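Novice: Fit chain G to the supplied structure of chain F, relying on the hints for placement.
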Amino acid sequence: MSADSTQIKACCAAAYGQDAVALVLRESYHPGGLALTRRLARALGLRPGQHVIDVASGPGATARLLAAEFGVTVDGVDLGQSAVDRARSAAQAARLPATVRFSVGDAERLPLPGGMADAVVCECAFCTFPDKAAAAGEFARVLRPGGRVGITDVTVADGGLPAELTTLTAWVACIADARPVSRYTDILAVAGLRTVRVEPHDDALARMIDQIEARLALLRMTAADHLMAAGVNVDAVLRYTAVARRAVADGLLGYALLVAEKPA
Amino acid sequence: MNAEVLVTGESAVAANSGVSSAARKRNRDEVFVEYTKSVCPVCKVVLDAQVNIREDKVYLRKRCREHGQFEALVYGDAQAYLDSARFNKPGTIPLIFQTEVRDGCPSDCGLCPEHKQHACLGIIEVNTNCNLDCPICFADSGHQPDGYSITVAQCEKMLDVFVASEGEAEVVMFSGGEPTIHRHILEFIDLAQSKPVRNITLNTNGIRLATDKRFVAALGERNGRGGKSVNIYLQFDGFDERTHREIRGTDLRDRKRRALDNCAEAGLTVTLVAAVERGLNEHELGDIVEFGLAHPAVRSVAFQPVTHSGRHAEFDPLTRLTNSDVIGLIAAQRPGWFRADDFFPVPCCFPTCRSITYLLTDGTPGGPDFGVVPIPRLIQVEDYLDYVSNRVVPDYAVREALEKLWSASAFMGTGTTEEKLRLAADALDCAEACGVNLPGAIADLTDRAFMIVVQDFQDPYTLNVKQLMKCCVEEITPDGRLIPFCAYNSVGYREQVREQMSGVRVADVVPNAPELGPWVTESPYGSKIARNGTSNGPGIAPDMTNVSRRAVRR
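Chains as they are written, first to last, in the working numbering: chain F, 861 to 1124; chain G, 15 to 568.
The hints are simulated quantities; they were obtained by calculation from the structure and are not laboratory data.
Just so it is clear, the structure is predicted and the values come from calculations on it, not from any experiment.
Backbone N, C-alpha and C fix where the C-beta goes; we use that ideal spot for every residue, glycine too.
Mixed in with the good hints there might be a few duds.
As the list claims (entries may be wrong) - With beta-carbon atoms standing in for the labels, derived distance ranges: (1) Asp-1085(F) / Gly-238(G): 25 to 35 angstroms; (2) Asp-1085(F) / Asp-226(G): 43 to 53 angstroms; (3) Ala-1102(F) / Glu-69(G): 33 to 43 angstroms.
Just chain F, with the same shape it has in the complex (with noise of 0.2 angstroms):
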């Protein structure tokens, strides 16, 4: 098997379990978009000078967004290193260098002091975090009194996914791991953070659905024998994500943002 079609596997492997999804749409996309981001950094007030930490910064896009139009420094926290280059180097080509800084590191245990950020963003990585409260209490730690924590994230029915889509969490971590809003609220009130904005955007991971099927059929056209000959089943794919399609219609699966506050 060539290093291409390993890949591809990992990219696109449902029909095997791997944990598709996240691979396609975690680095690059987050439901929402720019759009999303931007409602997010106004709901938390963020203010020209104010210092920001982005975790699960992936390639920086959003970083960038947030230093560039709401005037606020970034530090990004990665766990990939190629995310953490790739974030560097497309601030140094915004010029962007001196206000929006990024490092690897764990969101469970941060690599930054405690009590100095005016606000913490998350985007679609909340969900896929194995200890939650971990992840939590660091928000916690590392923001000031007042400081606001805000997360978008996949969000699961109260009770969690009929057994019928079981399948689907099987095949994808970030909805497997999945909470419904009110245990994403539980988990961030005992990290002492108190949640004062949600709103519902599934017409967002609706989208995410249609952008995961266009991909598919897109990689079909230009890659066949690579998707073959890793095994892949395009049909098979497909049937995931008319479930999931199914499930975000039926308010089953859906997207949330949060806003949490540290209390002053």
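Specialist: Then chain G, alone, in the frame of chain F:
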């Protein structure tokens, strides 16, 4: 001033009878969203106009002192109309303007220094004659003894005007009349190719392409010469015999197919251009796209709601087709391929004028391996082309590519459009997301990319000066002006130019709407004109708005 004049109607009655409870204020049934200028569809006088939203649709309304009030549907989806405002790009200033600001828009065309955009596309109408006499023709062309055709010297002057304004021009379209029957049409193409004009598009009914293979071969030889393309913009309204008879007056189905096959043989790239009319061929949009996808010469389809300027079937201004209606029909007729939100407004002109989507396709429709993916499902287009929200875009090279693709100068078959498609495809960031880098495969795919354009041109009912002021599709006139396409057709410039060129009096054309019946009569060309001819003496579109007068008279 007598206070009583302020009390009118119901409230006056209620006040006089002393039953104040009977006087209930009512809400208007519409939301007022814009104040603008338009023209009277009968006398072409410039009028104040207002845009209102009623029951999720957008209407333009105006009142002429002489002919009364007129209203027309301008957009079938109010939410889409308002959302599109974000897709509005700062205009580019042309190198020179051809006229001065004197009477204001739309009477100073053009381009005058108040115009907000340069010309993405310049149109040269080479004649008024045509080898058809279509019942629907915004140019009012046909077998007519009293029209005009331009000379080679005039064509050269028109090209020079365009180049002086643009520097290097992206696209010139030769149109008419029917440009292929002009005996100098190949010379015109050669002339254009000798100038800094990147691409040429020939707008034709296809009759000569179907019957004269030598001519098609001559076009094929010119396509790609010196890196400059010659592309075909082929009138193509559908497949029903009735569609052909009612829009074109004759069944052209066989000739369209032969024209397309001849183009494919000569290596010419074709855009199918459908005039779409309510109750006529609105059911054929999906079929036209599918046919285009299957034909080797066709790389794009342009849908144009019938422009109710010139000659056309009787219509109702309040239920006419708009861009959002056409997009809705496309999505409804091929739900497996399209959704309405696959289309995005074009930011170079006013965003309500034109919407575009691109498809990446593989295989042939109906075939087992046929695949189709609208590019906007792969790239978050609004992250690049929403100029209001985005102070930061993810990648400026991608924005530049998308700007050129979502533009009035985008034509499949031109080097610019192909190059920008490749650039956009490179940005699909599948490499980044999936670890799959397939530039070669994607390049193959962009060679088969397919464009769908929806463009609602304005008529004397729908004309909104706000849109005219940012128009980027210009008619180049023999006297050296660049006139926004919809001003040319709706305000009176077409009549002015034809009169100047032919020496024959040309009355202002009036739309064929039943409510205008009392004022109109037949023109010699089959269109409707005001019964009293041109009623307003000299000048284009005299102004009856409230300008040039004290705000309060004392």
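Novice: Hint by hint, which ones does the structure fall short of?
Specialist: none
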